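Given next are the chains, with one letter for each unit.
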Amino acid sequence: MSPDIRELLHAAVGTPRSSTGFEAIWRRSRKLRVRKIVASGAGAVAMVALVVTAVNWAEQPARNLPVVGDASPTEPESDQATIDVGGHPIAVTVGEGGAWVARYEGTGEQASFAIARIDPATNEVMATIPVDGRPEDLVASAGSLWVVLSRHPAEGGMLIRVDPVTNEIDGKPTELAGRPSNLAVGGDSAWVATQDGEVLRVDAQSREVVAEFQVGEGAVVASDGNQVWVANTRGDISRIDLLTNRTVDPPVRVGWNVVDIAVEANAIWATQTTPEEEFRILRIDPRTEQLVGAPIRIDLNPGHLAVGEGAVWMLQYAISNKDLDRDGTILRIDPEANQVVGDLIETGTGSVDLAVGEGSLWVAKVVEGEIYRISPASGGEPSP
Amino acid sequence: LKAPPELVSFCSQQQPRLFGMLTLYCGDPDVAEELAQEALARACNRWRQVRRMQAPEAWAYRVAINLANSYFRRKAAERRAQQRLRGQRQADHHDPDSAFSVAVFRAVAKLPRRQRAALVLRYYADLSVAEVAQLMDCPEGTVKTLTRKAVATLRDGFGRDDLQEVSHVT
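Residue numbers (the working numbering), protein chains in the order written: chain A, 1 to 384; chain B, 1 to 170.
What the hints contain is simulated information worked out from the structure, not anything from laboratory work. Watch out, some of these pointers could steer you wrong.
As the list claims (entries may be wrong) - List time: in silico SDA-like cross-link candidates among lysine to any residue, alpha-carbon distance up to 25 Å:
1) Lys144/B / Glu124/A
2) Lys144/B / Ala109/B
3) Lys144/B / Ala11/A
4) Lys322/A / Lys144/B
5) Lys149/B / Asp137/B
6) Lys2/B / Ser70/B
7) Lys322/A / Gly348/A
8) Lys144/B / Asp4/A
9) Lys149/B / Asp84/A
10) Lys110/B / Asp4/A
11) Lys172/A / Ala204/A
12) Lys110/B / Ala11/A
13) Lys144/B / Thr122/A
14) Lys110/B / Thr82/A
15) Lys2/B / Arg27/A
16) Lys110/B / Glu23/A
17) Lys322/A / Thr274/A
18) Lys2/B / Glu23/A
19) Lys144/B / Ala121/A
20) Lys149/B / His10/A
21) Lys172/A / Tyr104/A
22) Lys110/B / Glu368/A
23) Lys144/B / Asp156/B
24) Lys110/B / Glu124/A
25) Lys2/B / Gln49/B
26) Lys110/B / Thr142/B
All values reported here derive from a predicted model rather than from experimental measurement.
I would like the entire structure built from these sequences, with the hints used as guidance.
Printed below as a string of structure tokens:
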């Protein structure tokens, strides 16, 4: 009689022998919980967690009590993936039915650049669009994918539109005088920050530059589709009046270098570094244009901010070798509580960009040539 | 803090199965033991949610496979495990025919990761096609294709032309 595969596998494993008893598992679970509490940076509330845990084990009726450091584990690490994008990803955005990845292959004169579109339903690259320049940033919004490209320094940059229906570059590119650094889309326009400290407004229909703003060194721009904000290394954060094409004076002055900003309807979020190497996350009320609450202090270099899935997310980087185990971790900020909550999500060294959408966090891993898709609820690692 | 009896029972039942499945999947009993322990520790910490699931054991399998995948990716351990498998380790924990076990482990270890996952979940963990599909987040047809390819590869690599897929596990 032919052996079947089940018999073969069970025979190979034999009677599983393991030294692990329940006590070892139980001890490990306690350590895991403590580690998570420490990782969340919420040492002061650790006692709360222990009390809550004790209540849980005491089999009280379920009351949905929050467990500090245990990030809503209603599902395991299910909607997670590691996606090979066929090159080195340098930026990622989500919208218009896809996750869009700017990537390069080769170096120097041999470098080639493309946009890869990932189908969120299958986690597979469904289209690759070659582009004529290094994609510095991209945004999918309002029926378009916009991409800013930089070319040889003497040649400036370009803004292109990709049609998400055809996955093809649509129309003529907009020539940009400066080298672009980042991009936002809002108010029927694309907004391009340049390395010269300018922000250019490009009309989405005519593709013409219709306004220029001198923002200053380290200009960054962000939008939620309705409002547009800019910031610089002087620490000035300003709203742009879309009707008058002027920055609203006075700006919100936060004193020192603003690294990145993110905009949502009820809050403007900014990351900041100071000369004393203090790192902060700031919140501004867009109605009063005033800082809200105390800055959130963080102990690693702040990276990209992203808003979505009910939270604000920030990629952060190690300052020195002693922090390397936290390099490329993602912080979660609860906008209601205005504080860091939950586990640090580990993505490892080489994480260069972060986006939120389609129920997931998307992290560009430049060295590995991969995108990590991570469930916001898991607090865990992605799986291939 | 004391663990509820049903959690103790769940861990005691699942630990050997997880350990066996991960041994096949990883090809390394030491790694398998570590990962099985970690998966169950996570189940302990999330027991209030896990116990209410329709299939808590499937949750544990999924966590275990994800942990194994993360382990492979981040530690590059797959190669080391296979090297150990080829080297001095002769699967000392196994039942009488160690050479047989090592041969199976080698053949399984050579399978592409998704085929390997589908194979061990379906035919070692005895999950249904639907359960494996849900666990691997793919259509049932994909699971069937993956397991069919895996069995075909094992048939070739293991030199068992008469190796059959089972049909009685539903």
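Hint check:
1. Taken as a hint, the Lys144/B and Glu124/A pair is honoured in the structure, with Cα atoms around 20 Å apart against an allowance of 25 Å.
2. The straight-line distance between the Cα atoms of Lys144/B and Ala109/B is roughly 19 Å, inside the 25 Å bound, and the hint therefore holds.
3. Pair hint Lys144/B plus Ala11/A holds up; C-alpha atoms about 23 Å apart against a cutoff of 25 Å.
4. The straight-line distance between the Cα atoms of Lys322/A and Lys144/B is roughly 47 Å, outside the 25 Å bound, and the hint therefore fails.
5. Simply put, Lys149/B and Asp137/B have alpha-carbon atoms about 18 Å apart, close enough for the 25 Å limit, and the pair holds.
6. Among the hinted pairs, Lys2/B with Ser70/B is inconsistent with the structure: their alpha-carbon atoms are about 30 Å apart, more than 25 Å.
7. Taken as a hint, the Lys322/A and Gly348/A pair is honoured in the structure, with Cα atoms around 14 Å apart against an allowance of 25 Å.
8. Of the supplied pair hints, the one linking Lys144/B and Asp4/A holds, its CA atoms being roughly 16 Å apart against a limit of 25 Å.
9. At most 25 Å may separate the alpha-carbon atoms for a hinted pair to count; Lys149/B and Asp84/A meet this at roughly 22 Å.
10. Of the pairs offered as hints, the one joining Lys110/B and Asp4/A holds, with about 19 Å between alpha carbons and a cut-off of 25 Å not exceeded.
11. As the CA atoms of Lys172/A and Ala204/A are separated by approximately 12 Å, the hinted pair is consistent with the 25 Å bound.
12. Restraint check: the Cα-Cα separation between Lys110/B and Ala11/A comes to about 19 Å, which is no more than 25 Å; the hinted pair holds.
13. For the hint linking Lys144/B to Thr122/A, the alpha-carbon distance of about 17 Å falls within 25 Å, and the restraint holds.
14. At roughly 20 Å between alpha-carbon atoms, Lys110/B and Thr82/A fall within 25 Å of each other, so this suggested pair holds.
15. With a CA separation close to 11 Å, the supplied pair Lys2/B and Arg27/A stays within the 25 Å bound.
16. The straight-line distance between the Cα atoms of Lys110/B and Glu23/A is roughly 35 Å, outside the 25 Å bound, and the hint therefore fails.
17. Distance restraint check for Lys322/A and Thr274/A: the Cα-Cα separation of roughly 21 Å lies within the 25 Å cut-off, and the hinted pair is therefore satisfied.
18. For a cut-off of 25 Å, the pair hint linking Lys2/B to Glu23/A stands: about 11 Å separates their Cα positions.
19. Simply put, Lys144/B and Ala121/A have alpha-carbon atoms about 20 Å apart, close enough for the 25 Å limit, and the pair holds.
20. Among the hinted pairs, Lys149/B with His10/A is consistent with the structure: their alpha-carbon atoms are about 19 Å apart, no more than 25 Å.
21. For the hint pairing Lys172/A with Tyr104/A, the CA-to-CA distance comes to about 22 Å; that is within 25 Å, so the pair holds.
22. The hinted pair formed by Lys110/B and Glu368/A meets the criterion: a straight-line CA distance of about 22 Å does not exceed 25 Å.
23. Distance check on the hinted pair: Lys144/B and Asp156/B sit about 18 Å apart at the alpha-carbon level, within 25 Å; holds.
24. Taking the CA atoms of Lys110/B and Glu124/A, the gap is near 23 Å; set against the 25 Å cutoff, the hint holds.
25. For the suggested pair Lys2/B and Gln49/B, the alpha carbons sit about 17 Å apart, so the restraint of at most 25 Å is met.
26. Between Lys110/B and Thr142/B the CA atoms are separated by roughly 19 Å; this keeps the pair inside 25 Å, and the hint holds.
Hint violations for this structure: numbers 4, 6, 16, all remaining hints satisfied.
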